[in-house]
Amino acid sequence: MSPGVLALVSALAALGLMLANGVVLIYMLRKVLAHFHLRLGPMRVGWHGLLQTPADVLKLLTKEDFDPSATDLWLFRLAPFMVFVPSFMAYLAIPFSDSLSFTPLDTGVLYTLAALALVPVGILAAGWASNSKWSLIGGMRAAAQQIAYEVPLLLSVIGVVMIAGSLDMSEIVKAQQGTWLGFIPRWFVIPQFGGFLLFLIAALAELNQTPFDMSVAESELVEGFANEYSGMKFAFFFLAEFSNSFVVSALAVTCFFGGWLLPWVPIDLPVWVDVAVFLTKTYLCIFVLMWIRGTLPRIRIDQLLSLGWKGLIPAGLAWVLLTGVVVKLVP
Amino acid sequence: MTADQVKRAADAIAAEGTLVAPKVPTGLRRVPGGVDALATEHLVVNMGPQHPSTHGVLHILLELDGEEIIAAEASLGYLHRGIEKLAEHRRYHQIGTLLDRADYVSGFHTEWAYSMAVERLAEIEVPARAEWIRALMSELNRIASHLLWLGTFGMDTGAMGPFLYIMRDREALLDIFETVSGARMMFNYVRPGGVVMDFPLQAEPLIRAFLDTWDGYLDEYHDLLTGNEIFRPRVKGIGVIPRSTAVAFGMTGACLRGSGLPWDLRKTRPYGPYAELDFEVPLGTTGDNWDRYMVRMEEMRWAARLARQLLDGLPEGDFTAKVPKVLRPPAGEVYAAVESPRGELGVHILSDGSDVPYRLRLRSPALFNLSVVDEVLPGSLIADAVVTVGSLDIVLGEIDR
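Protein chains in written order, with my numbering: chain A, 153 to 483; chain B, 4 to 404.
Some hints here could point you the wrong way.
Stated by the list, open to error - Label-pair distances were calculated between CB atoms; the ranges are:
1. A:P206 - B:T229: 37 to 45 Å
2. A:L436 - B:D281: 35 to 43 Å
3. B:A212 - A:L421: 53 to 61 Å
4. B:P236 - A:D219: 48 to 56 Å
5. A:I342 - B:D226: 41 to 49 Å
6. A:I342 - B:M189: 39 to 47 Å
7. A:G168 - B:T229: 42 to 50 Å
8. B:D68 - A:L469: 53 to 61 Å
9. A:W443 - B:L177: 25 to 33 Å
10. B:R94 - A:V197: 48 to 56 Å
11. A:W443 - B:L214: 43 to 51 Å
12. A:F439 - B:Y81: 37 to 45 Å
13. B:D222 - A:V440: 19 to 27 Å
Unchecked claim - Negatives, chain A to chain B, calculated, CB over 10 Å:
14. F233
15. W286
16. V303
17. T362
18. D420
19. G446
20. L448
21. I451
Keep in mind that the hints were calculated from the coordinates and are not lab data. All C-beta atoms in this analysis are idealised placements derived from N, C-alpha and C, irrespective of residue type, glycine included.
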């Protein structure tokens, strides 16, 4: 196949994964949150509500594409794509197995984080273009939050990169092969536990997830930046949100939990086993995110910002320094 | 001062669309590009009447500088149904149905306050058993009401979980209410003279089963919220209402006790069987959201202990006095109040000797408690405003009536 066709195929495959992931995650979120909340979640449409999500997708597709009259029309229409496209781009470098990723990149970690960093631009655009006060506050919050938490997120994976000696996600995974003392998997979460904690906090903020769901904050800003959006335009925001959960979880699995590797077994497994292991780990990560979402209250915006600037960034720098010294001393 | 600012904001809205005229600090006049280049405007937003955390149809006009509140004014009346006026056209036995719909979260208290007023007016002697049943149901209702407050308060701080957990226990309570009174919310069970029917046999095991599990469940709520490191800084030191302010605004109930004033009608002017019961009134110290939160949490524990005492000591006898089918109390005036979950819930009746009251007025504790927002909200953030209003435990049905 020519490179052009190959690129198109992998882009379409990434899109397919993104949409499928959206459908799975909506159902999963409803069910997981429901069971954390002592309720059942969707039960009526299909067996245990399995068809609820397709029904909702159909509803969103058939809804009128409505633009409120006072909006900045072009920006208002563009904003969902400004959110959707970067989160789609973030899929490309994720390694599902040794040989399988949409586009292998030498600087995969950096690329993925850079793609995710574009998302809040769209959120800010949506808040601004809606020409609604609550939306504007939501958009501004998203911008402030993103600037504060982008840096610690990057700092949190630098330690991993230093140990692995590469920004290539496949190389990072391969550096986690084998075990210590014969039974502890050499996953970076153990030597880089501090980095993982930083990553977890910063990723929650990056994802706009409880306890950091500032830009939506339904008890304060109603629906935040997405207030004026409905139908498919709203669905794009929603889809991007779920897809970001997937990407960030995949990043966590790659950097801290050994990617597609299973500990204690030979490394030359068939590709489908690798992919299955990777997806299982990723969805376990997403489950933890939902667990947090179902349990915790929301932090306040000023507390969030001071935690980011005064807590996470110094901690991240200190952690990078510590890792650097240790890597230099222990070859 | 705050009222002035709100009025200016409202005038500006009326005059020129949405924004208040910019206030330009004098230091900015020499900025290149002119004053307009750096001028900032205050944003006036309507929080409610359609907003997820205004607990119904409360409307608060907020003037914002960024996220900080400069001025706030609560605007009421979206749930006004004319209950007090309608009461002037109902016979005394028919009014309980109306008043149930005022404070729909704690119906037994409203009914009790009203019945107490009518009984004093018509000089009806209420049997002890009726009073004890009333107190028992009121205390259970206090738990149910505080539970609903707890759930919504959790939601105000962003925690979805507690709201659905409290529904589990509230459901058990509503089942008890249904067994006793036949209704889950609008009971119309406490009536002038006593209660409408005797305490049913099958209710006792239900109540005991609930009380046996209750302390464990309350500890679970403490685990979910009280100890949470995100929740604590959201409520501690926020929304401080000093004791003097609380008194000046006529606040009662947990809001007043949170500010440290030991005022509880069950203790200070005992009615019903409360003088014979053994209980304590939890108090706060500073009057912030945390104190109001803890006072209500402790009140739930005490309410359960009270309910157990009441159930154990329920006297035998009649459940109602002999009351004529058409009550014609002598001309006169009466005020009776009970300690509802929100504070002093009073009913003031003016009788002209006919079969309908000449005038009936409800002293709604939530209205007095809410009136403090104009004073307390300025200076805090939007997120704090939501939590502070939540900590006041308002029920709009009672405020607007």
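Quick rundown of the hints versus the structure:
| no. | hint | result |
| --- | --- | --- |
| 1 | A:P206 - B:T229: 37 to 45 Å | holds, 41 Å |
| 2 | A:L436 - B:D281: 35 to 43 Å | violated, 52 Å |
| 3 | B:A212 - A:L421: 53 to 61 Å | holds, 54 Å |
| 4 | B:P236 - A:D219: 48 to 56 Å | violated, 40 Å |
| 5 | A:I342 - B:D226: 41 to 49 Å | violated, 30 Å |
| 6 | A:I342 - B:M189: 39 to 47 Å | violated, 60 Å |
| 7 | A:G168 - B:T229: 42 to 50 Å | holds, 46 Å |
| 8 | B:D68 - A:L469: 53 to 61 Å | violated, 33 Å |
| 9 | A:W443 - B:L177: 25 to 33 Å | holds, 30 Å |
| 10 | B:R94 - A:V197: 48 to 56 Å | holds, 50 Å |
| 11 | A:W443 - B:L214: 43 to 51 Å | violated, 32 Å |
| 12 | A:F439 - B:Y81: 37 to 45 Å | holds, 41 Å |
| 13 | B:D222 - A:V440: 19 to 27 Å | holds, 25 Å |
| 14 | F233 | holds, 28 Å |
| 15 | W286 | violated, 7 Å |
| 16 | V303 | holds, 22 Å |
| 17 | T362 | violated, 6 Å |
| 18 | D420 | holds, 45 Å |
| 19 | G446 | violated, 6 Å |
| 20 | L448 | violated, 6 Å |
| 21 | I451 | violated, 5 Å |
In summary, the numbered hints that this structure violates are 2, 4, 5, 6, 8, 11, 15, 17, 19, 20, 21.
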